[in-house]
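**Student:** Here are the chains, one letter per residue:
Number of protein chains: 2
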Amino acid sequence: MTNVENAIKYFYDNQNRMTDSYLDLVRIPSISNDADRRDDMVRAANFLNDYLSKIGFEKTEIFPTVLHPIVFAEKKSADPAAKTLLIYGHYDVQPVDPLNEWKSDPFEPEFRGEHLFGRGASDMKGQVMATIFAVESALQSGDLPINIKFLIEGEEEIGSVSLEDFIKGHKDVLSCDMILNPDAGMVGKDRPTLVYGLRGMTYFEVRVDGPKADLHSGLWGGNVANPAIVLSEIIAKLHNPDGSVAIPGFYDQIPAMTEEERTRIASNKLTEEDILEITGSPALYGEEGFTPVERQGARPTLDVNGLYSGFISEGAKTIIPAYAKAKISCRLVPNQDPLEIFELAKDYILSIAPDTVRTTIFLHSAGPAYLADDAPGVQNLVDAMAEVWDNPVTYKREGGSIPVATVMQRELGVKSLLTGFGLPDDAIHSPNERINFPNWLKGIEALIHFYLSFGKA
Amino acid sequence: MTNVENAIKYFYDNQNRMTDSYLDLVRIPSISNDADRRDDMVRAANFLNDYLSKIGFEKTEIFPTVLHPIVFAEKKSADPAAKTLLIYGHYDVQPVDPLNEWKSDPFEPEFRGEHLFGRGASDMKGQVMATIFAVESALQSGDLPINIKFLIEGEEEIGSVSLEDFIKGHKDVLSCDMILNPDAGMVGKDRPTLVYGLRGMTYFEVRVDGPKADLHSGLWGGNVANPAIVLSEIIAKLHNPDGSVAIPGFYDQIPAMTEEERTRIASNKLTEEDILEITGSPALYGEEGFTPVERQGARPTLDVNGLYSGFISEGAKTIIPAYAKAKISCRLVPNQDPLEIFELAKDYILSIAPDTVRTTIFLHSAGPAYLADDAPGVQNLVDAMAEVWDNPVTYKREGGSIPVATVMQRELGVKSLLTGFGLPDDAIHSPNERINFPNWLKGIEALIHFYLSFGKA
Numbered sequence: 001m002t003n004v005e006n007a008i009k010y011f012y013d014n015q016n017r018m019t020d021s022y023l024d025l026v027r028i029p030s031i032s033n034d035a036d037r038r039d040d041m042v043r044a045a046n047f048l049n050d051y052l053s054k055i056g057f058e059k060t061e062i063f064p065t066v067l068h069p070i071v072f073a074e075k076k077s078a079d080p081a082a083k084t085l086l087i088y089g090h091y092d093v094q095p096v097d098p099l100n101e102w103k104s105d106p107f108e109p110e111f112r113g114e115h116l117f118g119r120g121a122s123d124m125k126g127q128v129m130a131t132i133f134a135v136e137s138a139l140q141s142g143d144l145p146i147n148i149k150f151l152i153e154g155e156e157e158i159g160s161v162s163l164e165d166f167i168k169g170h171k172d173v174l175s176c177d178m179i180l181n182p183d184a185g186m187v188g189k190d191r192p193t194l195v196y197g198l199r200g201m202t203y204f205e206v207r208v209d210g211p212k213a214d215l216h217s218g219l220w221g222g223n224v225a226n227p228a229i230v231l232s233e234i235i236a237k238l239h240n241p242d243g244s245v246a247i248p249g250f251y252d253q254i255p256a257m258t259e260e261e262r263t264r265i266a267s268n269k270l271t272e273e274d275i276l277e278i279t280g281s282p283a284l285y286g287e288e289g290f291t292p293v294e295r296q297g298a299r300p301t302l303d304v305n306g307l308y309s310g311f312i313s314e315g316a317k318t319i320i321p322a323y324a325k326a327k328i329s330c331r332l333v334p335n336q337d338p339l340e341i342f343e344l345a346k347d348y349i350l351s352i353a354p355d356t357v358r359t360t361i362f363l364h365s366a367g368p369a370y371l372a373d374d375a376p377g378v379q380n381l382v383d384a385m386a387e388v389w390d391n392p393v394t395y396k397r398e399g400g401s402i403p404v405a406t407v408m409q410r411e412l413g414v415k416s417l418l419t420g421f422g423l424p425d426d427a428i429h430s431p432n433e434r435i436n437f438p439n440w441l442k443g444i445e446a447l448i449h450f451y452l453s454f455g456k457a
Numbered sequence: 001m002t003n004v005e006n007a008i009k010y011f012y013d014n015q016n017r018m019t020d021s022y023l024d025l026v027r028i029p030s031i032s033n034d035a036d037r038r039d040d041m042v043r044a045a046n047f048l049n050d051y052l053s054k055i056g057f058e059k060t061e062i063f064p065t066v067l068h069p070i071v072f073a074e075k076k077s078a079d080p081a082a083k084t085l086l087i088y089g090h091y092d093v094q095p096v097d098p099l100n101e102w103k104s105d106p107f108e109p110e111f112r113g114e115h116l117f118g119r120g121a122s123d124m125k126g127q128v129m130a131t132i133f134a135v136e137s138a139l140q141s142g143d144l145p146i147n148i149k150f151l152i153e154g155e156e157e158i159g160s161v162s163l164e165d166f167i168k169g170h171k172d173v174l175s176c177d178m179i180l181n182p183d184a185g186m187v188g189k190d191r192p193t194l195v196y197g198l199r200g201m202t203y204f205e206v207r208v209d210g211p212k213a214d215l216h217s218g219l220w221g222g223n224v225a226n227p228a229i230v231l232s233e234i235i236a237k238l239h240n241p242d243g244s245v246a247i248p249g250f251y252d253q254i255p256a257m258t259e260e261e262r263t264r265i266a267s268n269k270l271t272e273e274d275i276l277e278i279t280g281s282p283a284l285y286g287e288e289g290f291t292p293v294e295r296q297g298a299r300p301t302l303d304v305n306g307l308y309s310g311f312i313s314e315g316a317k318t319i320i321p322a323y324a325k326a327k328i329s330c331r332l333v334p335n336q337d338p339l340e341i342f343e344l345a346k347d348y349i350l351s352i353a354p355d356t357v358r359t360t361i362f363l364h365s366a367g368p369a370y371l372a373d374d375a376p377g378v379q380n381l382v383d384a385m386a387e388v389w390d391n392p393v394t395y396k397r398e399g400g401s402i403p404v405a406t407v408m409q410r411e412l413g414v415k416s417l418l419t420g421f422g423l424p425d426d427a428i429h430s431p432n433e434r435i436n437f438p439n440w441l442k443g444i445e446a447l448i449h450f451y452l453s454f455g456k457a
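In the order they appear, the protein sequences are chains A and B.
Under the numbering used here, the first residue of the first sequence is numbered 1, with each subsequent residue one higher.
Under the numbering used here, the first residue of the second sequence is numbered 1, with each subsequent residue one higher.
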């Protein structure tokens, strides 16, 4: 048997024991945004630290932060020339409300059919344990051809508030040649996926002030501009009839999409019907001239995330609101500068705002887009996944952002391999979170292939 | 001395005693929307009942309602042919919060300069007591040339919830030839005012539903319509560039304004500068081709009263909201049918709403406009006010509505004389409510003139 075959056999021989450990981790209610769960956060960190120590990681350490601790572990190869793989994960989970919509206790994992249900089963305790079990199994080959480091935080679901400072302060500890981040998921069952592009973002707020206080709409309606109407008129001018963003200069820095790139994006077989079913929208809507998958990851957008003015409770109140405000975010693609986009948006909005109101705009956050089709180790990962699933890998440009990948590229100089074995219907932030168990098992096989592939070189 | 001179002399001879009674009424915290004040509501009703009884009203009665009682009183003239004047008032007051912005206790009335401060001093305990003191003084002529009825409710500030049913059930008790409603105020000091027009209203809500739940704007932005944007685009199409309402047919039933009417409206000297100062708006905005006072009372409008979608707390959340909603009200002028306007608005909005969302519209309330330049007794009232202030009366078309006037016209068949002695800067629903005391004294003189003017006929 090859090393890979040995490792996979070891995994399946020990599957029940390892699965029990995975379930034990899911049982810990490590909800990072719940102040009453701080002891559980520590328990989860200790659990991972102990497990990694037990399977042979010679160095394990729990770093305190202002909030939830970070687990670090390192297992060196005997080969002094071995490259280093840093595996990122998080052990915190989302809150569970509304609890009454769960069909089983979110923290008492339960198998139903081919799924394992439980909060964190997919996002991302399942992913973290898959990477660990694969290391544990691969170690049956006696030694690994790569050094492996784990960095597992407890604050991902609350914005990784401590992680950037931790990375900045521990560049030597975290130094590596490759980064694996299995928090990105697959486009569908049996469709192994590499996420090679993330969109950036510019998030800002527009506020329109009119009268000094809410006015009686009977007494003053007809003589003063209504801030809710003015803001609506501004928002209505942010898109062209063809669905493109109307801010002058918005697209200027984006190179035309090559045929090669369009072909690669088309490997993502997400269909219109998929989008309609997942979102529940009555119809698709987007920029003309691009496919849904192109619009999802390779084209910038502008969305209103929130809108408020005046009286919004039940019933009726007859006022002209004193002000109106909108939260607006633009998803960006490579070459768009997030701060320049903010300036363009600001200039445009101020240029179309009438002088019957006072319009102000401020920036919430800005981050660039990310392309990592050339991340170190990408071919090893793609080959490993293609082999296990016997299916070509889908190259996906993700519409969202994974800030930790951007931070790691900047601070450690290494682009991340973004993948994972979660599925779109895992309900990761909703009641009845689940993982497809057979798919998860394949993920572990793929990781074993991946780790051991470096021995061939 | 004439009867009028006698009555006015009597009032000034007894001014201190009467003022003390007025202050005693202001001291009762009769806040109708406060469940803890129900005893105070009863105290205020009893106070009025007792006072009216004491000054010679032969019939006084307190009618219970499901909430706050209604005071009724009647004083018959010796002349069997005398006409009957019904005087409407309310003894309830607005809440006082924010209490810390009051410079004196809202329920311990205080004179500062020429103003009397206190909750209800102007709206409308001051008005109610002025009508009563004028009756008390006019009675010094021995008999009144008219029958006088009082109808004083305790629920005006919470929408007169019991009044319409009470009126419907007591048409005989309330039968009259003229109605005086002194809840409408003056356009400025020394500018006696007759409000002869009120706008009607159609109030509805528009809801735009997109995805079945809030979506991650990164994952789905670019492929589904954003309900907040769609609603903004709908709202942006509700007005034409000239400030007129863009709903087809909206103006069809409105006759052209006559020169006579424009001249009468122009007696209201409200200026652009007044509006800018009162509202704090940076600039005026309204329908082209009409003056500010015409736009205030004689032209219909459309305003957004409230707007909501998605995430509106502090900070940033990257979602495509599942839905967006707007509360919209149209102020209407005579000949516009409120329900027909609703249908026109609904048809238009549904015709411009895209099929990428589900758009629903429902009606909150609808009431017609009101014109009462021919209300019985109008010339007596106008002459009385013009004489006391030595100033022509301003004819005002009010932008708001006074539902009780509409109800009384429908149920009793009598249009109301809408006037009063409050001023625009009385802060009637705000901290530091006040009444201009010298102006209030003139109001009492004018009422004496008015009551006794029927004796000349």
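Treat the hints as calculated values from the structure; they're not laboratory data.
Do not rely on the hints blindly, as some may be mistaken.
In this list, chains with the same sequence are indistinguishable; a pair is considered to hold if it fits within one copy or across any two.
[Said to hold, decoys possible] Computed list of lysine-lysine pairs in DSSO-like fashion (alpha-carbon distance at most 27 Å, straight line):
{"no.": "1", "residue 1": "Lys325", "residue 2": "Lys212"}
{"no.": "2", "residue 1": "Lys75", "residue 2": "Lys171"}
{"no.": "3", "residue 1": "Lys103", "residue 2": "Lys346"}
{"no.": "4", "residue 1": "Lys83", "residue 2": "Lys103"}
{"no.": "5", "residue 1": "Lys103", "residue 2": "Lys212"}
Model, not experiment: these values are computed from the prediction.
**Student:** Each hint: holds or not?
**Tutor:** Checked hints:
no.	hint	in the structure
1	Lys325 with Lys212	both (15 Å within a copy, 24 Å between copies)
2	Lys75 with Lys171	within (17 Å within a copy, 93 Å between copies)
3	Lys103 with Lys346	neither (47 Å within a copy, 42 Å between copies)
4	Lys83 with Lys103	neither (45 Å within a copy, 75 Å between copies)
5	Lys103 with Lys212	between (51 Å within a copy, 21 Å between copies)
Hint check: violations occur at hints 3 and 4; the rest are consistent with the structure.
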